[in-house]
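Based on the provided sequences and hints, a complete structural model is requested.
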Amino acid sequence: MENDFAVTRRRFLASTSCLGVALAAARYFPAAALAEEIAGDPRIADKPLADKGFASIRRIGEGVYATISDPSKGIDTLCNGGFIVGREAVLLVEGYRTPAGAAFQMDALRQVSKLPVKAAVDTHYHFDHSMGNTHYGDQGIAVWAHAKAGPLMVQNYGMLQGKDKTEQIGSLEKRVRDAANEIERERAQGDLNLYKMIFQTIDSSVVALPNHPLDPETLPVSIDLGGIAAVIETYPGHSPTDLIIRVPDRNIVFTGDLLFSSMYPVTFDGDVGGWRRTLGTFAGFGKDTLFVPGHGKLCGQEGIALLRDIFDDLADHAGKMFQAGVPVEEATRRYTVPERFRKYPVFAWSFCIGSTMTKLYGEYKAGAPKS
Numbered sequence: 001m002e003n004d005f006a007v008t009r010r011r012f013l014a015s016t017s018c019l020g021v022a023l024a025a026a027r028y029f030p031a032a033a034l035a036e037e038i039a040g041d042p043r044i045a046d047k048p049l050a051d052k053g054f055a056s057i058r059r060i061g062e063g064v065y066a067t068i069s070d071p072s073k074g075i076d077t078l079c080n081g082g083f084i085v086g087r088e089a090v091l092l093v094e095g096y097r098t099p100a101g102a103a104f105q106m107d108a109l110r111q112v113s114k115l116p117v118k119a120a121v122d123t124h125y126h127f128d129h130s131m132g133n134t135h136y137g138d139q140g141i142a143v144w145a146h147a148k149a150g151p152l153m154v155q156n157y158g159m160l161q162g163k164d165k166t167e168q169i170g171s172l173e174k175r176v177r178d179a180a181n182e183i184e185r186e187r188a189q190g191d192l193n194l195y196k197m198i199f200q201t202i203d204s205s206v207v208a209l210p211n212h213p214l215d216p217e218t219l220p221v222s223i224d225l226g227g228i229a230a231v232i233e234t235y236p237g238h239s240p241t242d243l244i245i246r247v248p249d250r251n252i253v254f255t256g257d258l259l260f261s262s263m264y265p266v267t268f269d270g271d272v273g274g275w276r277r278t279l280g281t282f283a284g285f286g287k288d289t290l291f292v293p294g295h296g297k298l299c300g301q302e303g304i305a306l307l308r309d310i311f312d313d314l315a316d317h318a319g320k321m322f323q324a325g326v327p328v329e330e331a332t333r334r335y336t337v338p339e340r341f342r343k344y345p346v347f348a349w350s351f352c353i354g355s356t357m358t359k360l361y362g363e364y365k366a367g368a369p370k371s
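For the sequence shown, my numbering gives the first residue as 1, with consecutive numbering after it.
Please note: incorrect hints may appear among the correct ones.
Listed next, the in silico DSS-like pairs over lysine-lysine satisfying Cα-Cα at most 27 Å (straight line) [as the list claims (entries may be wrong)]:
id, residue 1, residue 2
1, Lys-343, Lys-287
2, Lys-196, Lys-52
3, Lys-73, Lys-52
4, Lys-196, Lys-343
5, Lys-365, Lys-320
6, Lys-370, Lys-320
7, Lys-148, Lys-196
What the hints contain is simulated information worked out from the structure, not anything from laboratory work.
The following block contains the structure:
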């Protein structure tokens, strides 16, 4: 059965701008800020500190605040993040999709504290976590990120700015026109609209590179903010540049996109085998750990277990298809979201399902177990 959250072509075509189309797709993302299993967690404030529709910010522990995006109401932030406030300094998490998104978080911080900001940390280089870095630069705030983040931002975003993208868009539009059926058309349309949003973001943004690269060989590193420590660690999975920020004294983890909560993961830039091992590591964190995912609802260990289950289902399908000699493109086409996952959205088929199949096939060819 097709995913209940798949956005129909009619709904997509009702939007006229690239960002309007993205908002149409985003309408099918989970809007609730909290997963059900943590709704009663006493660490979490009942009401947000700030709410702009596209994102809200609330206290989730003493000195710890989470910024939770709601893309159905706007995409200034698009991802989740937050900030950690000590007695002496503050650490910001994420640069977001736009400077306006970063500014919203900064304004909320100043409602809580006037302390100096130690740094802003991009959990990885992707546009929705980094294109708002210019706001921090304007405030004289250092931006920290994995050492590979800056070069990859130049390669993937800076080099594309102002370039003619007609050919790429044209090939995606052809996929929509040539689709064999409505399901294939919807999947192709979803890919087209996400690419349009990415290209629009690239062309309308200043690519502000992190100015404090973190060598992964030096991680983990603990940042003492005064009475509370933030530990920056690196794990494989979603991108070549993934960082997490742990707050051990509060049992809170900002995961970046190593966790997609209550949705299918985006894997186009990832290491699926490494990601699954990372999720196994997260599962070993305390049972009361509160996770701030890169996208989706705040969650506990149930969110980790769900994403592992989704990966297991994708791997089971890919393994069967690979052993049967089915080409990866056909394996991608044949994948059907199972009934138990139907309420979890797939934002763009090739970024989530197609890329996962391709990555898993590559692992199987290299001799990895087919499960």
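query = Do the alpha carbons of Lys-73 and Lys-52 lie within 27 Å of each other, as the hint requires?
reply = holds, 9 Å
query = Can the restraint linking Lys-196 and Lys-52 be considered satisfied, given a maximum Cα separation of 27 Å?
reply = holds, 25 Å
task = Assess, step by step, whether the Cα of Lys-365 is no farther than 27 Å from the Cα of Lys-320, and give holds or violated.
result = holds, 13 Å
request  = Please work out if Lys-343 and Lys-287 have their alpha carbons no farther apart than 27 Å.
outcome  = With Cα atoms ~25 Å apart, Lys-343 and Lys-287 stay inside 27 Å; holds.
query = Straight-line Cα separation of Lys-370 and Lys-320 no greater than 27 Å?
reply = Holds, at about 8 Å.
message = Does Lys-196 sit within 27 Å of Lys-148, going by the straight-line distance between their CA atoms?
response = holds, 25 Å
request  = Sort out whether Lys-343 lies within 27 Å of Lys-196, counting only the CA atoms.
outcome  = holds, 25 Å
Checked against the numbered hints given earlier, the structure satisfies every one of them.
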